Amino acid sequence: MMAYELHLLTNYLIVGALLFGIGLIGFLSRRNMIVMFLSAEMMLQGVSISLVAWGRYFNDLDGQILVIFIITVAACEAALALALILMLFQRRGNLDIALWHDLRESNQPPYVDRELPETPPYASGPWPSLTPAGRRPDLPREETDYRSHV
Amino acid sequence: MFSIPILLVLVPALPLLAALLTAALGKKVLREQSHWPVVAGIGLSLLAALGLLAQVRAAVDHADSGQVGYEQVVRLWTWADVDGALESESPQPIGIATLDFTIEVALRADPLTAVMLVTVTLVSLLVAVYSIGYMHDDPGYWRFFAYIGLFVFSMTMLVSVSNFVMLYVFWEAVGLCSYLLIGFWFQKPAAAAAGKKAFLVNRIGDFGFALGVFLIWTTYGTLSFHDTLDATGLRTVGVLGQTRLADPSLYVGGGVATAICLLLLLGACGKSAQFPLHVWLPDAMEGPTPVSALIHAATMVTAGVYMIARCTPLFHASGEAFQAVAVVGGFTALLAAAIAVTQTDLKRILAYSTISQLGYMFLGLGAGTLLGITAGMFHLFTHAFFKALLFLGAGSVMHAMGGVIDIRRFGGLRHRLPTTHWTFLIGCLALAAFPGFSGFFSKDEILVALKENSLYGPAPSLYGILYLAASLTAFLTAFYTFRAFILTFYGPERIPPEAGDHAHESPRRMTVPLVVLAVFAAFVGAWFFFTHGFAEFLHHTPSLAYAGMAAAETETAAVHLKVMILSAAIGLAGIGFAWLLYVAWPKTADRLAAAMDALGLYGLSHGKFFIDQVYDLLVVWPLVGLARASSWFDRRVIDTVVDCIGLAPRGIGAMLRSLQSGMVQFYALAMVLGMLVLIVALLV
Numbered sequence: 001m002m003a004y005e006l007h008l009l010t011n012y013l014i015v016g017a018l019l020f021g022i023g024l025i026g027f028l029s030r031r032n033m034i035v036m037f038l039s040a041e042m043m044l045q046g047v048s049i050s051l052v053a054w055g056r057y058f059n060d061l062d063g064q065i066l067v068i069f070i071i072t073v074a075a076c077e078a079a080l081a082l083a084l085i086l087m088l089f090q091r092r093g094n095l096d097i098a099l100w101h102d103l104r105e106s107n108q109p110p111y112v113d114r115e116l117p118e119t120p121p122y123a124s125g126p127w128p129s130l131t132p133a134g135r136r137p138d139l140p141r142e143e144t145d146y147r148s149h150v
Numbered sequence: 151m152f153s154i155p156i157l158l159v160l161v162p163a164l165p166l167l168a169a170l171l172t173a174a175l176g177k178k179v180l181r182e183q184s185h186w187p188v189v190a191g192i193g194l195s196l197l198a199a200l201g202l203l204a205q206v207r208a209a210v211d212h213a214d215s216g217q218v219g220y221e222q223v224v225r226l227w228t229w230a231d232v233d234g235a236l237e238s239e240s241p242q243p244i245g246i247a248t249l250d251f252t253i254e255v256a257l258r259a260d261p262l263t264a265v266m267l268v269t270v271t272l273v274s275l276l277v278a279v280y281s282i283g284y285m286h287d288d289p290g291y292w293r294f295f296a297y298i299g300l301f302v303f304s305m306t307m308l309v310s311v312s313n314f315v316m317l318y319v320f321w322e323a324v325g326l327c328s329y330l331l332i333g334f335w336f337q338k339p340a341a342a343a344a345g346k347k348a349f350l351v352n353r354i355g356d357f358g359f360a361l362g363v364f365l366i367w368t369t370y371g372t373l374s375f376h377d378t379l380d381a382t383g384l385r386t387v388g389v390l391g392q393t394r395l396a397d398p399s400l401y402v403g404g405g406v407a408t409a410i411c412l413l414l415l416l417g418a419c420g421k422s423a424q425f426p427l428h429v430w431l432p433d434a435m436e437g438p439t440p441v442s443a444l445i446h447a448a449t450m451v452t453a454g455v456y457m458i459a460r461c462t463p464l465f466h467a468s469g470e471a472f473q474a475v476a477v478v479g480g481f482t483a484l485l486a487a488a489i490a491v492t493q494t495d496l497k498r499i500l501a502y503s504t505i506s507q508l509g510y511m512f513l514g515l516g517a518g519t520l521l522g523i524t525a526g527m528f529h530l531f532t533h534a535f536f537k538a539l540l541f542l543g544a545g546s547v548m549h550a551m552g553g554v555i556d557i558r559r560f561g562g563l564r565h566r567l568p569t570t571h572w573t574f575l576i577g578c579l580a581l582a583a584f585p586g587f588s589g590f591f592s593k594d595e596i597l598v599a600l601k602e603n604s605l606y607g608p609a610p611s612l613y614g615i616l617y618l619a620a621s622l623t624a625f626l627t628a629f630y631t632f633r634a635f636i637l638t639f640y641g642p643e644r645i646p647p648e649a650g651d652h653a654h655e656s657p658r659r660m661t662v663p664l665v666v667l668a669v670f671a672a673f674v675g676a677w678f679f680f681t682h683g684f685a686e687f688l689h690h691t692p693s694l695a696y697a698g699m700a701a702a703e704t705e706t707a708a709v710h711l712k713v714m715i716l717s718a719a720i721g722l723a724g725i726g727f728a729w730l731l732y733v734a735w736p737k738t739a740d741r742l743a744a745a746m747d748a749l750g751l752y753g754l755s756h757g758k759f760f761i762d763q764v765y766d767l768l769v770v771w772p773l774v775g776l777a778r779a780s781s782w783f784d785r786r787v788i789d790t791v792v793d794c795i796g797l798a799p800r801g802i803g804a805m806l807r808s809l810q811s812g813m814v815q816f817y818a819l820a821m822v823l824g825m826l827v828l829i830v831a832l833l834v
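Sequence lines, in order, name chains A and B. With my numbering, the residue at position 106 of the first sequence is 106, and numbering never jumps. My numbering runs 150 ahead of the 1-based position in the second sequence.
If we strip away everything but chain A, and leave its shape as in the complex, we get:
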């Protein structure tokens, strides 16, 4: 019985850790604000899964209570974050996080890895296009660069 429970816990923890790790990597590597937000949510879910798993393993409800809290908080957070993202998008017409580094030290030069094309607000339509991030995969440009929506 114990071995089975332990096995089950391990599996869930692995899944949780994977979810957390993917979320973390996604948060660090992507520049689109919506994708970063999704990654953060994914990290939360990874933690939630491991909490539920621990709760079951120790046979109490604390883990699950905590998870319900997390879901509640995440819902609020989603509302706030999406509203924020919308505001930011309206300012610059672009979802690239690299456009926002106003909180740097006043005497630090802005970090620019590549000049972004000047896109006036709503010039390219009501929806933003995804900005390239990370290492560019070796894919045909015509197919990959074209996205009708996110």
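If you're looking for bench data, these hints aren't it; they were derived computationally from the structure. All values reported here derive from a predicted model rather than from experimental measurement. Built from N, CA and C at the ideal position, the CB exists for glycine as well. Be a bit skeptical, because a hint or two may be false.
In silico contact screen, one side only, chain B against chain A (beta carbon under 8 Å); selected entries [what the hints assert, rightly or not]: (1) 289; (2) 709; (3) 710; (4) 781; (5) 807; (6) 808; (7) 812; (8) 813; (9) 814; (10) 815; (11) 819.
Chain B is nowhere near these chain A residues, computed Cβ spacing over 12 Å in every case [claimed, not checked]: (12) 2; (13) 52; (14) 56; (15) 82; (16) 92.
Since the structure of chain A is provided, determine the placement of chain B on it from the hints.
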């Protein structure tokens, strides 16, 4: 009309009121009329003091025989009262184990105080009137009179309080007034430096005085002069109170008594400019001349003499302390007279003369006999008049000469300044102890006291030497006084260019005080000599009437007459010598100076025995060096360390600033890395 307590309070209160009024209204309202409150205040104060003197005189005659001397203590209020401040095994006659520390603000009326009050207020009034003319048009006119009023208040309090702490307070207060008035023209660097020097040198003396007061407290367990009865009927025996005076065995003798007396003497040396601490008085001549006359000749500098006279029983208890007083006084008298012989600044000659005459007073006190102490006080009394007269005369000369005071630069002024000339002559005759003038009688009394001590006293050879020193001083005094007088008023008329068209007699309000003082300088000595009033009156002072004193009376008329003839001869010889050198054979003076110079004596005297330079070398320069080194250490070392500590956060911040790129992902990465570090740290 007024009773003694009211008069006693009025004497200091009126000048204080005047000073406060002048200080408050002088600048804006009174301006050129600022002298009125102070002159009126001092004038009324003089009337009160005279009334007090009359009442004390009357009371002395009817004093009950059970009392030692005559005293009346007016207790105003209690300033401090600490219960059980001292666990004492000291020889309190009542044998109390714990003693209360009480400072009573109490004024006392006795002959010594009455005489001092009259002297102080009389000279102050004349000097204040003189100042109306002398300080005319000075921008600090109102300030001057406010200070003078404050000084008269402090000085009258000094001589009438009945507690060592209060004595110390007003001792400091007159020092403060002296400082303010020496540095009255503080724009002049020499005046500012002189004020500072006077204050600092006095600080040394005052430190000794304070230690003396502490020692009196631990020895006697009280600081009051008078006996006090508290509410429970418990009697505290004052240091100079009736109980102790009636039974001299209650005084502590031996080493403690000597220590107390020497510390008090140090305080007196500071205030009265005696030998090791005399250096401030000549420099104090930078102040206005009325100040020199009032504070640095007639009144404040005599505070030391007053204090020693007041503490006579303490000095008697020690035995040897009076000899220390006499030695200090004798040495100072001779030293200052030797310096005064070659000085060329009229005010400085008078300053050294003051030091010398104060030394004379100390000699009189140092005799330790009733005759000697009353002689010292008598000399204080006469000196106040003739030295104030001389200083005011010098001020009148200075006024006419446009501020020039160097006797080499003017001469033959007797026709231009007739009143000043005649009054100055009377002052000089009094100072030179010309027979018949006041200085002659008082100085003679001191010499008699010394002579008697050398004949009948416990230390005959010491007092014999001091008698010779005093005689030599008398000769030098007569010589330098008339040197200054002849060089100023006789010979061909010379007037320095600074005088301009000013070289005329001073206005009436300056000459009238001169004439009044001249009358006093001429006649006050003879009057009291022939009536014996002064000494007999002073004998009723408790400190002088006490039981330990009575035995020491061995005055003989023969000694008196011999000394009197001798001192008259000495005074005349000094005057004659000055006349020979500066009138009869004018070349001889230079030749004698050259001969003395060859022996090194002239330079020594002219350089004031280089005491200032020795003090510079031994005290001032090491301290200045220490101050400079400390300043350097503070600026260079401590400040650098502090600055480095201040710069460190800024430097560290500058290093970390490049991390603040504003990039969200970098912050996230930093968080992740930090978390990893924490995890690793937890696991390891």
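A quick look at each hint next to the structure:
{"no.": "1", "hint": "289", "verdict": "violated, 56 Å"}
{"no.": "2", "hint": "709", "verdict": "violated, 99 Å"}
{"no.": "3", "hint": "710", "verdict": "violated, 98 Å"}
{"no.": "4", "hint": "781", "verdict": "violated, 39 Å"}
{"no.": "5", "hint": "807", "verdict": "holds, 5 Å"}
{"no.": "6", "hint": "808", "verdict": "holds, 7 Å"}
{"no.": "7", "hint": "812", "verdict": "holds, 3 Å"}
{"no.": "8", "hint": "813", "verdict": "holds, 5 Å"}
{"no.": "9", "hint": "814", "verdict": "holds, 5 Å"}
{"no.": "10", "hint": "815", "verdict": "holds, 6 Å"}
{"no.": "11", "hint": "819", "verdict": "holds, 6 Å"}
{"no.": "12", "hint": "2", "verdict": "holds, 25 Å"}
{"no.": "13", "hint": "52", "verdict": "holds, 22 Å"}
{"no.": "14", "hint": "56", "verdict": "holds, 24 Å"}
{"no.": "15", "hint": "82", "verdict": "holds, 16 Å"}
{"no.": "16", "hint": "92", "verdict": "holds, 14 Å"}
Taken one by one, the earlier hints fail for this structure at numbers 1, 2, 3 and 4, listed in ascending order.
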